[in-house]
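2 protein chains.
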Amino acid sequence: MGLKNTRSGNYPEWYQNVINEADMAENSSSPGCMVIKPWGYGIWERIRDVFDEKIKETEHENCYFPMFIPLSFFQKEAEHVDGFAKEMAVVTHSRLSMKDGKLVPDSKLEEPLIVRPTSEAIIADSFSKWVKSYRDLPVLVNQWANVVRWEMRPRLFLRTREFLWQEGHTAHATAQEAETETKNMLEAYRDLCENTLAMPVLKGRKPEHEKFPGAVDTYCVEAMMQDGKALQAGTSHFLGQNFAKSANISFVNAQNQQEYAYTTSWGVSTRLIGGVIMTHADDEGMVVPPKIAPYQIVLLPLIKKPEDSTAVLAYVTKIQTELKKQFPFGEKIRIKVDKRDKAPADRFWEWTRKGAPIICEIGMRDVESGNVMVKERIKLGTPEGKQIMSAEAFIANIGSRLENIQQAMFDKAKKRLINNIRTDIKTPEDFRKYFSESNLWIEDNKQGKVAFVLGKWCGDPESEAILKELKITIRCIPFDQTKSEGICLLTGKPATIDVIYARSY
Amino acid sequence: MGLKNTRSGNYPEWYQNVINEADMAENSSSPGCMVIKPWGYGIWERIRDVFDEKIKETEHENCYFPMFIPLSFFQKEAEHVDGFAKEMAVVTHSRLSMKDGKLVPDSKLEEPLIVRPTSEAIIADSFSKWVKSYRDLPVLVNQWANVVRWEMRPRLFLRTREFLWQEGHTAHATAQEAETETKNMLEAYRDLCENTLAMPVLKGRKPEHEKFPGAVDTYCVEAMMQDGKALQAGTSHFLGQNFAKSANISFVNAQNQQEYAYTTSWGVSTRLIGGVIMTHADDEGMVVPPKIAPYQIVLLPLIKKPEDSTAVLAYVTKIQTELKKQFPFGEKIRIKVDKRDKAPADRFWEWTRKGAPIICEIGMRDVESGNVMVKERIKLGTPEGKQIMSAEAFIANIGSRLENIQQAMFDKAKKRLINNIRTDIKTPEDFRKYFSESNLWIEDNKQGKVAFVLGKWCGDPESEAILKELKITIRCIPFDQTKSEGICLLTGKPATIDVIYARSY
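Protein sequence lines, in the order shown, are assigned to chains A and B. Mapping of the first sequence onto our numbering: position 170 corresponds to residue 1140, and the numbering continues sequentially without gaps. Mapping of the second sequence onto our numbering: position 417 corresponds to residue 1387, and the numbering continues sequentially without gaps.
Do not take every clue at face value.
Where chains are identical, the list cannot tell them apart; a pair therefore holds if satisfied intra-copy or between any two copies.
What the hints assert, rightly or not - Restricting the straight-line Cα-Cα distance to at most 25 Å, the calculated cross-link-like pairs of lysine-lysine (DSS-like) are:
no., residue 1, residue 2
1, K1441, K1463
2, K1302, K1026
3, K1026, K1294
4, K1102, K1309
5, K1099, K974
6, K1356, K1403
7, K1288, K1024
Note that these hints are calculated values from the structure, not bench results. Here the structure is a predicted model, which is why all the values come from computation and not from measurement.
One chain only, chain A, in its complex shape (with noise of 0.2 Å):
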């Protein structure tokens, strides 16, 4: 009953498959955008609403900034900033009227308005009316929005054309305060990665050209796929006075003397969704960390014979109410009872190609013994991945049986990511000689394939230039750095830095 295709055998395929089978996306009729279904939705939402509580309990408020951005704006930053982005959706007119019998664009704006790329521009735009003095200091606002950016090849949550995000502006008067914001902001993501999602990552710098346009310092954190592949699963940027510059955000100070604020931004995006699938999906379909799970739970009454109906219907609901008096992860518990008049097996392995952490078949005899059958997602195909128990021990449970399951996933993960890095390349040549090996599927190291590589880099912008040949990034300059002396992985010169190198999405 698994997906057509498998990890090993076609990844990319496979990750269309996992969509696909848990009916989580699918490409829309409007080029290069998605229709994100009740499944992925769902997740989306519980991702949102964990984070919105930690960007609460940080004291930034949520706000809203429009969707359309004067062209203007961005000419200055075109001007100066040469990694601007260019590929944006551009509206020019306001009206469609009918020519002969066909619609046209009409009424052309006197100014075209770009649909947000990212919303620096305008957000700065209105924290120059907002700040005037240091009393008006930290400004600490966050949005949740659609951004667009004109991508030339599409994949479902990994790149589309229209995304759904979260950006966090800040604008502070000291220099050291917006940079402990864009740290702690960085320190929210790696914790929603790994803490919520299951999903390890690795917290550094990004290396000068991988920089935000206009950041003086972009942070990341980067987790690994299961095809090796480093995946940026988010982004804080300490921008400096830059944008308070172009934009004028400016204030009188404590000295009473005029400043430019220093101002961060952050982000994340529905991306992580594709970061969730390449982390923890099998050959069998999705598996959801039970924190993100639209629904931990699935209750799939058998009825055999329609006499039994009205009983297992009884106890299914009994076992519903019970569960719901429990809170795993202090929240409510989200459970559905599938009742579809579907043959039992296609139900289960419906609710197992979506990933579903715990499935529970109740029929008669279950009714009769007082137990439930109960199956974990992660233990698909083993033998603990059945037991049948008594629905009062089930139910007493539970919580700690999801936050097993999560730890479970994340401990998998985490050994993954741990097992492949390669630190014992020290040199150009073994290090072109491994990335020219096809990256084959990875798991727990057992084909020897690594996937990211820790090792030093000189820094020169001609290694770029190698970057480039081998198709490979420099993820992140790690926080905790050797200071070793060594030889730079790409040019052979002498280096003491740190990086991590991988092939990425």
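Please build the complex by placing chain B on the supplied structure of chain A, with the hints as guidance.
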């Protein structure tokens, strides 16, 4: 400490003052779009959370559909629907390029894309892929999204080019099931407006000429603002098979015949916040119903002598901690402690103009006596508006106090609505005379002016010209009809239909 303008003095300016002084939203540098600031967005979050729960209780699931709709999707609609709204943002290019130092649109799209004014077209396209058999029905989805309509006279919350809303879309096997859905969701809107926003509404059906283009029937909830004008608070549409036919949403029914599905759509938007303002705000500023107040209680420590600071703050913290054990409306209580280094009177008036339901001033004297000074926003300026009471009693009764405020706000608005629906106008002459008088602000009918007229309508097309001439509209055909004979207040012809006539937003 009131607003620059009063309701009776200059109502439109008053509305602006309320929003500015409560710091709920502002106009943006993006033409015709608004920035929703934390206090305004916090109110929207509360409305969203309450209605989202209702959506899920009623078996609807959240999805997300693309914001870009290919132009061709509107072609057929434009041909068949004359009421077709043409004011839309049109994306024609996907790139910005630098030409002679100026950024210009580049990479013209083969087909222009429309930024969704509403999503029937793109969602029907998905439904056509999802629905094959009667077993796939009903499809019950909703999305929370931003939409764009190119308003020429934007006003904060009421009419902005971009706004936020919820749009539900469903498909059913029978017309009856779809009509039931349409009416159930209209009832859900009435419940939201009356029991959450404390804003009484009239339920009814729109006349033919006010229907949503493409709908068989449009139902609505209409509220009365304090200037006697009507605000359409929400609409629910029975679309029959119109969209199903144009998008080919067809299915094999139980009798194994091919059929078109019946669809519905329904929505409410950030416009509701404009309705809340014009229902509850007064000449001192905003008044927010406790159920949607971002903060229900604001605690203001009053520190006259520095040496009192520790004791006062400790006492305030103790009260806050105790209040958090209370669950008004069965939810977490929302409290703000405002310790800002600002004159007490300034802090008090700031929260008064924001309309926080309860403000408590707490100083050293209260620490010693174990009291709090409690001020209710709706009793501002009255003798009962200030109550010194024991902290213990205040905390113990906070739930019922907030419930009473919520109820009192609804009752006051309900009385206004009831008192100001005029039913004694029987001739076109009186009707014309009535609406030719300027529509002064009304409060509980004091000035003997009324706003709505409940009267007869003949339904003839010629009557529409008279509506335009008098600058009024038929808000709805109320569900309960007298069926009595009378004469049309527009044409003087014999008429039996009862309608609500009013000026409107």
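Against the structure, the hints come out as follows:
For the homomeric pair K1441 and K1463, the shortest alpha-carbon distance inside one copy (20 Å) is at most 25 Å, but the shortest distance between copies (80 Å) is not. In this assembly of identical chains, K1302 and K1026 lie within 25 Å of each other by CA distance both inside one copy and across copies; the values are 20 Å within and 14 Å between. For the homomeric pair K1026 and K1294, the shortest alpha-carbon distance between copies (16 Å) is at most 25 Å, but the shortest distance inside one copy (27 Å) is not. Only between protomers do K1102 and K1309 lie at most 25 Å apart by alpha-carbon distance; the minimum there is 20 Å, versus 60 Å within a single protomer.
With identical chains, the CA atoms of K1099 and K974 are at most 25 Å apart between copies only, with a shortest distance of 21 Å across copies and 56 Å within one. When the C-alpha separation of K1356 and K1403 is checked against a cutoff of 25 Å, the pair qualifies neither within a copy, at 45 Å, nor between copies, at 80 Å. For a Cα distance limit of 25 Å, the shortest separation of K1288 from K1024 across copies, 24 Å, qualifies, whereas the shortest one inside one copy, 35 Å, does not.
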